[in-house]
Amino acid sequence: MADSSEFDCLDPILTLSMIPSKLDLDQNGYWSIDEAASLGRTLKDKGSQMTNFSAVLIRMAKYDFKNRIGSKSAFKQMQHVDMDFFKHFRGNIEMCLPIDPNLCGNLEARGRLSGILPEMDAEERVQACRDNFDSFCKRLYGEDYEWIHHASSQYCGESTLERKDSVNVVTYDAVSIYKGQPDSIVGTTFMSFLVLLLFIWGMLLIEEFRAIYNLMYVIWYVPSIEDSNATFASIDDGKLFVRRLPKVHKFFAIFCIGLPRLVIAGVILVVGAFFLTATNNLQDLVLNSTALCFLIEVDNMIHAAFLGEAFQKRVTDNCDVIQVETSARGAWQSYVFLAVVLATTAGWTAWSYFHPRGLLAIGMGVECLCHFDGNCFGKTLLQTGTTCSETRLPDQPRLCAILLSRLRVVDPIVKNHRNLTSATLRCREGDFYSKAILFFPSQRVSVVLSPAKAMANPALTDDAVSPGAVAWVLTSTAFVFLMTAGLGFFYGGLVRDTNIINTMMMSVVSMGIVTLTWMVFGFSWAFGDNGSTGFSMFVGNFDYSLWMGLDMKMWGDSGLPGLVFAAFQMTFAIISSAIISGSLVERMRFSAYCIMLALWSLLIYAPLCHWVWGPGGWIGEMGALDFAGGTVVHISSGVSGLVAGGILGPRRHVEKDLGPANVPFVILGGCLLWFGWLGFNGGSALSVTDGVAARAVATTFVASASSMLTWLAFERVLKGKATSVGASVGAVAGLVCITPAAGFVTPGWSIAIGALRAPWCFATVELMNRINLVDDTLDAFGLHGSGGIAGAILTGIFAVEDGLLYSGSFELLGKQIAGAMAGVAFSAVGTAIIVGVMKLLLKLRIPEDQEAGGVDQHTHGESYHSPVKQYPKASDMSEQTSDTV
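683 is the number that the working numbering gives to position 683 of the sequence shown; each next residue is one higher, with no gaps.
Hints were generated in silico from the structure; no laboratory data involved. Because the structure is a prediction, the values reported are computed rather than measured. One thing to keep in mind: the hints can contain errors.
[What the hints assert, rightly or not] Label pairs and their calculated CB-CB ranges:
1) M552 / G853: 26 to 36 Å
2) I647 / A852: 13 to 23 Å
3) G512 / F542: 18 to 28 Å
4) G861 / M548: 35 to 45 Å
5) F542 / R770: 40 to 50 Å
6) A471 / G836: 17 to 27 Å
7) R652 / T746: 46 to 56 Å
8) A694 / I771: 34 to 44 Å
9) V663 / Q857: 20 to 30 Å
Just so it is clear, CB atoms sit at the ideal spot from N, CA and C, and this is done for glycine as well.
Given the sequences, and given the hints that come with them, work out the whole structure.
Here it is in structure tokens:
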């Protein structure tokens, strides 16, 4: 560090301009905060006139030099420090410090510049101050920025820090912020928050566009329909009655409910979007996003206030699920329309980034598009495809105007309402208003409904709850949650001792991140029912966001409250996300991994879970079997880990044949995984009364034992020794393979599954290590990816009744292969997009020196090897005691 005595004779302002030329910068070109603080304390000791300036200097070092997020926060701090001392300070926050020529003039008058600057007139002094400040800023911000001076007769020049392409530093984007300070958590938080907000905002836009469309449709079209003014009247003895709705009430509902809702949605759309596009920094982004979310909540509350829960409760308590036949003509137009909406939303996002004021035009254009679409969008809400003969109304009740808009679609059925029977009418939970409006338009009629035995998610009652099922699934939830800790020990024992803490943290942190993502959106996207829309095949909806309403619902006919089922499935999402870390440890930044974990759990795991287990998911509807997650959990995580590891690149300075650092950790982790897997597979039966849970637990035990012994035999023959690590890995391989088949095969066949799986996994791991195309650090793909694929195929062979060995048909085997390959393709492509985009925006890899020396200390400030405490010897203690006496 420079000698502080060099600053003795300098005035604070000129001292500020000369600091970079006097201090040593670190290897990244930053001014160390320690050096800044030390200089500030030195200047403070020189006299009272330096006190205020040194406080400013330390604040600048903290807010500007270290974090490097632009000049805004630094000079904002200066505004609050001794305004008398900086009485000539002028300009707004986005303007940098203007230099007062009076202060510069005082320097010469006091004779403090005799050895530094020659004698100058006033104009020369102004130029000298400006040049010094230019030098300071270029040293601080680099050559990519320049100071644009605005000449003034009173000041020596107001200067604004700008890029050479005239982009103000205060408004440069988050990517530049992060690149400016790669190790700063500010940049990482900013990026993750911004990406998540943009994604959520895009989904909200689509929902708002749909609502706006329906309201516009009602306002312009419904008044022209004859005999459509009917509503709910009463339900008695299992019969649904409706009565005629006076036209006065009808128009009140349209213009007093529909129009305000349209106005509110449009205001939120425009104002909220301007909030996000006008953001300058992280603090503003948080505040603006919070305000936007508040407005959306107000909108939803107003929406809900008009619904009237009394209608819903009185109708749905005795509602049976029955069907309606409709025509599918024109449905393709709806998909074209939805594609246009999505493309327009993407275009809006790109345009508003560069031209925020273009947002209003695009938003209005989409509203017009929704308005002129006609009737085809209504078909999408009611139908699953162009060849579908079944109409499924949505689960969640919507505003009456939205239900009114569907009247045109089912108009032929309305005319023939006298012929409605249990075979032609589909009545679902939440359709309290649609039953009245859609099917009984003009006169008093009644339809006999059978008891509510097939409702998707009936109300929660004591009689419906199965205590045995609840106890078993809650216990299994705890078992599966423990598996993540076991995975941490299992992975931690396999890496170098300098990376154990980081490796275990990559598993543990998923407990926090994925719990929240699953609760906020993940569960709803995985298990929400999109009704008959084309999206129901691929993703759920927002009905269960924040687990809304699950505490008041049963989950199907399982005897489980909705919250129990959601919590159980949450533990699956947690362990799935943690498995990916096995391919990425020892070289990926922890902050980048956390961002990837959140995105992956929402964008890859939740949709794939819906494909297999969700209502209307296309793999499940196809008939493919996956009892506990061979495709959902293991194929997705194993393939994703392989792809992410390939994009990340191999480790440096690490030999592949390094042995595990802590074998006891591996054994402990393997045992915890085996223990937890009993709940993983057994709990997936969701019941204890039909013997499926018992079969799943038994096959889990047997397959893992068979696989472990087979693995040990291969190790003994091929490598000469049977190792404890091999025993643990072999058991886990068997557990992975039996997962999709646990409830579908007999215990006898599970021996064969485990025995066949072990050589498959053994060969995959050895082949991956030999070809060395991707550095799969802990063989996550070899164990989980290939194991999930093998399990899916073997399920198609050994499954009772439908498997190849029982039925002699290849139908189920073909479906299993198709489902597994779909999981592989979706996981690979989706992960490649997520990690590829992150690689463009963020730094994914840790620095080379940290990778060589170990990640634990640099990332977490902790080490597996704790310092050894020096205890006094017994002799020393006795001597000390005698001296005291």
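- Item | Hint numbers contradicted by this structure | Per hint list: 1 and 6 violated.
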